[in-house]
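Engineer: So you can see what is in the structure, the chains are spelled out below.
There are 8 protein chains.
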Amino acid sequence: MTLDIRFDFERRDRIGFIEAIWGADKSIDQLKRVSKEVLSQKEVVFITRVSKYKAKHLLGIHENAKFYEEAKCLIIGENLKKISSNKKVAIISGGSSDLAVTLEAKLTLEMYGINCESFIDVGVAGLHRLLGQIEAIKKYDVLIVCAGMEGALATVIGGLLPQPIIAVPVSVGYGVSKNGETALNSMLSSCSPGISVMNIDNGYGAAMAALRIIKSFS
Amino acid sequence: MTLDIRFDFERRDRIGFIEAIWGADKSIDQLKRVSKEVLSQKEVVFITRVSKYKAKHLLGIHENAKFYEEAKCLIIGENLKKISSNKKVAIISGGSSDLAVTLEAKLTLEMYGINCESFIDVGVAGLHRLLGQIEAIKKYDVLIVCAGMEGALATVIGGLLPQPIIAVPVSVGYGVSKNGETALNSMLSSCSPGISVMNIDNGYGAAMAALRIIKSFS
Amino acid sequence: MTLDIRFDFERRDRIGFIEAIWGADKSIDQLKRVSKEVLSQKEVVFITRVSKYKAKHLLGIHENAKFYEEAKCLIIGENLKKISSNKKVAIISGGSSDLAVTLEAKLTLEMYGINCESFIDVGVAGLHRLLGQIEAIKKYDVLIVCAGMEGALATVIGGLLPQPIIAVPVSVGYGVSKNGETALNSMLSSCSPGISVMNIDNGYGAAMAALRIIKSFS
Amino acid sequence: MTLDIRFDFERRDRIGFIEAIWGADKSIDQLKRVSKEVLSQKEVVFITRVSKYKAKHLLGIHENAKFYEEAKCLIIGENLKKISSNKKVAIISGGSSDLAVTLEAKLTLEMYGINCESFIDVGVAGLHRLLGQIEAIKKYDVLIVCAGMEGALATVIGGLLPQPIIAVPVSVGYGVSKNGETALNSMLSSCSPGISVMNIDNGYGAAMAALRIIKSFS
Amino acid sequence: MTLDIRFDFERRDRIGFIEAIWGADKSIDQLKRVSKEVLSQKEVVFITRVSKYKAKHLLGIHENAKFYEEAKCLIIGENLKKISSNKKVAIISGGSSDLAVTLEAKLTLEMYGINCESFIDVGVAGLHRLLGQIEAIKKYDVLIVCAGMEGALATVIGGLLPQPIIAVPVSVGYGVSKNGETALNSMLSSCSPGISVMNIDNGYGAAMAALRIIKSFS
Amino acid sequence: MTLDIRFDFERRDRIGFIEAIWGADKSIDQLKRVSKEVLSQKEVVFITRVSKYKAKHLLGIHENAKFYEEAKCLIIGENLKKISSNKKVAIISGGSSDLAVTLEAKLTLEMYGINCESFIDVGVAGLHRLLGQIEAIKKYDVLIVCAGMEGALATVIGGLLPQPIIAVPVSVGYGVSKNGETALNSMLSSCSPGISVMNIDNGYGAAMAALRIIKSFS
Amino acid sequence: MTLDIRFDFERRDRIGFIEAIWGADKSIDQLKRVSKEVLSQKEVVFITRVSKYKAKHLLGIHENAKFYEEAKCLIIGENLKKISSNKKVAIISGGSSDLAVTLEAKLTLEMYGINCESFIDVGVAGLHRLLGQIEAIKKYDVLIVCAGMEGALATVIGGLLPQPIIAVPVSVGYGVSKNGETALNSMLSSCSPGISVMNIDNGYGAAMAALRIIKSFS
Amino acid sequence: MTLDIRFDFERRDRIGFIEAIWGADKSIDQLKRVSKEVLSQKEVVFITRVSKYKAKHLLGIHENAKFYEEAKCLIIGENLKKISSNKKVAIISGGSSDLAVTLEAKLTLEMYGINCESFIDVGVAGLHRLLGQIEAIKKYDVLIVCAGMEGALATVIGGLLPQPIIAVPVSVGYGVSKNGETALNSMLSSCSPGISVMNIDNGYGAAMAALRIIKSFS
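Protein chains in written order, with numbering that gives the first Met the number 0: chain A, 0 to 217; chain B, 0 to 217; chain C, 0 to 217; chain D, 0 to 217; chain E, 0 to 217; chain F, 0 to 217; chain G, 0 to 217; chain H, 0 to 217.
Calculated directly from the structure, the hints in this document are not laboratory data.
Check each hint, because a few of them may be wrong.
[Claimed, not checked] Listed next, the in silico BS3-like pairs over lysine-lysine satisfying Cα-Cα at most 27 Å (straight line):
id : chain 1 : residue 1 : chain 2 : residue 2
1  : G       : LYS87     : F       : LYS81
2  : H       : LYS81     : B       : LYS86
3  : E       : LYS86     : D       : LYS87
4  : E       : LYS86     : B       : LYS177
5  : D       : LYS81     : E       : LYS138
6  : F       : LYS51     : E       : LYS51
7  : D       : LYS137    : E       : LYS177
Let the hints inform the model, and build the full structure from the sequences given.
Structural biologist: Structure representation (structure tokens):
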């Protein structure tokens, strides 16, 4: 009663991006099969939310596989169809605990050849840290803002800078932080105009939203 | 089957404050009776969340009654046992929509003879408005911060100033603002340390928390 | 005890947009005062979520005021600093019940001089209606997708087209629709990559997110 | 203080189906006792949500036991009273992560002798995958649609095909997916008419709903 | 800036049913226009959740319009393409407060020519009332079970009878009834197997689910 | 398409109590019909949650009807089958805002001939008020405790007195009081042992729980 | 920085019961100290929710300790002050998965010398199982009803029998069962009158509520 | 792709306190690096919510590190800039299960040189335990009240004493305790005036709120 996985290869033609593989709910066997199939089509394999344990099995098979432990991502091969653009993305983060989400976004952008820079630990509890970086951040074309707890960082940046802002709530905190739900609702209710929001911890999605902008406008 | 209301007159002796009367769930008849009883004890009547319609009935009876429509509060007589202190409270608010809550806090403090000042519309979406006032705010002894939507104002102030901060979430906004719940959770999860929080729209409670501090430490 | 409203005039300088006025929680008097102040600075007045009743008072004062009843928006004067761009926005909507949200987005974009077109009633329950329009929609640079109930429209479009997609959940429906919360969560959990999401019914915010993109990339 | 389990043997007479045994909350000892009792009545034992560990203990006792690991189901013996019908059920699934739920439904249907086919990975993010299968699916009499994340698959199929549709939300996803709650609410609020919904991950229940239809109408 | 409503006329061809018009969120003007358009295609107009006030406007225009006040439905013209089947539907209800939901289901079924009967006030708090009717209910081919409060009726019937059961939670009750949410969750978690569930108060949807079964199996 | 209401007359025989009529969701016409039917069986009519407006219609028809406005209850005729017991119930309430719930319980008990007394405004914010009454309350056989806001009254009484305690959360308060949900959860999580809890505002139910005890144990 | 635990020995005098020790959140060391202290006062030690691992440590110290693994309770010594009453309690349960809760209630009652009997697996999905026992259950003085999933058992029994009913929702089930929350809300919203409810899984509390009744009325 | 952590050293200048390090979401490597950096600035390292396992690694490196296992806190070095004040803080707790939260608050206060005392196990279920300590508690200047379950302790103390009260809900309990959410909402809705509330389990934050008061008013 084996049931085959069908990969969405045509996505590349339709929207210009390949399908990423969600590693958390797949078995090692499923990951092996889908990786093999993707590679046979000369496409890059990009697996997100993959545990170290699962990653080891794939690293053992594919020489050109690379596991990014802190980002929980595994890449096999290389994405040959990069986006040609000189646009740059800044990934801004409220605290060092947001690292995994930040790195997932960074890896995704770099896989498509997009230049990006991280601005870590510029949370609003120490406003000077943010204000000291604001001139540097101003030079980037799209801003991805990751923040847990109360997520106020997105609002403050949204009031200071005119670029497209993609906010990512992070499941850091305790009690009423509710695994990122408070940061999410806070970002959606922001009094700064035009901030758009992703699902909790969805660094990959934020990168994709940035790529949609860069690809369409370059 | 009439049931009498018993007012907590001894509260003055125990904790130094009189009981405020919650006007929203009481009938006009109940408000009349309890007011009469309180006045007969030479105490001031302080009713919160009272509608214009209910207020009219009490204004018709008591010459020394005063209705504060925007604050939805009604005061009959005067509080003769004020708190003797030169401490000052700043009430800071993110937007003009927080007015009713702000005023409820102000009225309460003034009834006890405490000096207070309002700083309105200093929301974080326009950070300069806040930063321009920060030196002025620094001079106050207790800060009450009222904010709706994502409530980021409390976090930003908490990171800039050392005073006691009492945050009041306000039921302004729509959608995921959830009638103040998002501002509440945001304030409770604040990455700025030592911010204490009141129930949604509880301007009266914030003033009482400030009064507890001032009374105990003056 | 009157408290003045301070308008964020510097926002124009910082991020290039003016502050919109949230009409729902302001009194007629507050709306009058803030309008007068904004006009005195030669800026356009843009009030959202304003009732017909409140609008009448402002229409009586300002000759150049215009009320858009279905969008619940009121504009006084004209925005003289438009964005110069030939980029176009498509506003796509699942049902005719989403009209108010759709129109709020449209008005906002047009106020900044951006060309936009509405594609109404292309819900996924009748997939052919959407597929019949997909070639037309393909020509637009940014897509705003409004949908209530289960919000599946954003996912289907996200899988078919490569542009930036700004999804707006709409508070249409009953029972577990939960006033737009289900559409919101559905859009945030979308299996199509890179869809960014706004607060429920936030047509204005979606337009602002599109303007951020167009302004930064034109 | 041993407390006996009483199995609902009369269910076969009343509604034509046997009771399945919910394995998750039962101890190995309880599973052993109830299995023995059921077998002594010449009925088939069908245990759902049973771990590999618990299954091993039963496989060691009963030669004719079979454990379906991916479906987390264990069957001992054979169901001798099958439903005589040539009606067929299609089980359609949005992603390979829905596999366990899909298989639970499939096993249940096959135990009653009903012909069924799985259509896996036809999620709406790649609409062509679904549209390419729609003619094949059209030939089935009842459709079970399993989907996690935003659950849009049920709506799209409901708008394209006239058969009875039983939707099963799956607890796949993260953040606002809320362990299947978003897919559930999405399916219940579907703008496609007449879709009926089961509890999250309830593949067994979906099969039972299909069996009720087939049994009553064959 | 008028935006046309596009009706899904092809739905009849695809799935055999016409689109019902959701009256609650549409303006009188929108209802007038869509009704006119539907009638021009020789189709029946079926509007659900329409207020008495809105209905009056349509009754004034169309002679062959009929308003069912308790069901909050309005029908203009006649559905000429009925379903030819001798299958019968029983609509069972826990209390007289569920009337509107019950009637909406009944009207929908009758519009398609399906024979149906209502069994009202057979709630489980008085089990004998239900047991006294069970033989009569047994003769129907599909059972629609409407219940508010704790929704236990669906479970009890599901344990007694083998037919397809479509459960409709009703927004009757107070406190933790949560406008039907408790009945909904209760029906979804039912310990009786194979009960499928609709959105809260969705009598129309339940009828459509029944029609899908009857149409496919007759 | 009239649908008759069937009253549960046999409830008197089964459990010794008559069915109360829930007035909130019934039309005037339904109330008239069910009242007539109940009276024809020589039973007392007891309607809860009935508005003044609906009550007037019934008062106009039945001479022996009595409307208790603050309790929102209407009684027609007299309950002739009272419970013979000398047991007494104390109804204790945290604030005068809980009045309607308190009175609903009182009326229900008195209809069955049970002696009861109200202890109003003994909230825990003024502990002395409660402690001053504790000796008096000690003499009652069953305690019904009604409280809104944080519902702490039930816990304090539960720690002081040994009688059966039936706690009723009341939908008084604002913000996180959540219409009684916080009081409900607070009572259910009480650190005092053996407190049993009713639905929010369910004064009638609390009286019925007390009657079950008194009837079974007298 | 050791902090002593103070046991509430006076509870026995005030309300006649001893304090049970909540084992889940206490360390082994804390359990050891509090047990020693309680025993030194010649009282029985009754620990609930204690793991096998923690229990072992206490069994090693106290010869007269007994661990009830399925109930997760540990008793050291004997309760010498039993309640003298011939009243009997029936503990009725919907499924064998409710066993731990059922046993916790049983142990508590027996510790106070109260006669009780368990009726297991009489869930409403197989109504006959319940109806077959109803005459037996009728003979008991207080009914404790434990049920998970949709909790309908309490409603059905409440409609059939006149005794005091204490309902205990059980955290059995999956998906929308929400760890017992659905059963809880279902029991609180029951259409059967006078059912009182405990916190989820609170078998101990249910027994205490029964003991309050029996003690006060015997 | 290493990303540096930037510590907020200027916080000491702005608000007079150092930044505490949230240990739960940081890796051992991150903790090592940030500790080293902080020590190099002659500041004390204060890590909260740090596991025994992580603590061991730091204890191995720093001789002057001390791990407080029950408080889950680790301190390296000494805070040389204490607050000079003779004000005292009482930390009052409802049960011994609140220990970790209580100790986190105590450690924080002592690090700043503030005198504080713990009052443990004075829960309201045994009111006499609290009343017996009330005279002692009266002598403290600020009260921190920690309580889980229904959190009634804060309300009772708030009604008895005039000092500033900082309430900390604790995630102790089960079922509807909801990991501290019920205690939180209970404290926020308290009928005692002027109680301010912290996030669930936030002992550190409560201490910081107390320090803000003491520092500003000494």
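Engineer: Work down the list of hints and note, for each, if the structure agrees.
Structural biologist: Hints, verified against the model:
1. G:LYS87 to F:LYS81: This hinted pair holds, its Cα atoms lying about 26 Å apart.
2. H:LYS81 to B:LYS86: holds (24 Å)
3. E:LYS86 to D:LYS87: Holds, at roughly 20 Å.
4. E:LYS86 to B:LYS177: violated (46 Å)
5. D:LYS81 to E:LYS138: Holds: LYS81 of chain D and LYS138 of chain E sit about 23 Å apart, inside 27 Å.
6. F:LYS51 to E:LYS51: The given pair, whose Cα atoms are some 23 Å apart, holds under the 27 Å limit.
7. D:LYS137 to E:LYS177: Judged against 27 Å, a Cα distance of about 39 Å means the pair is violated.
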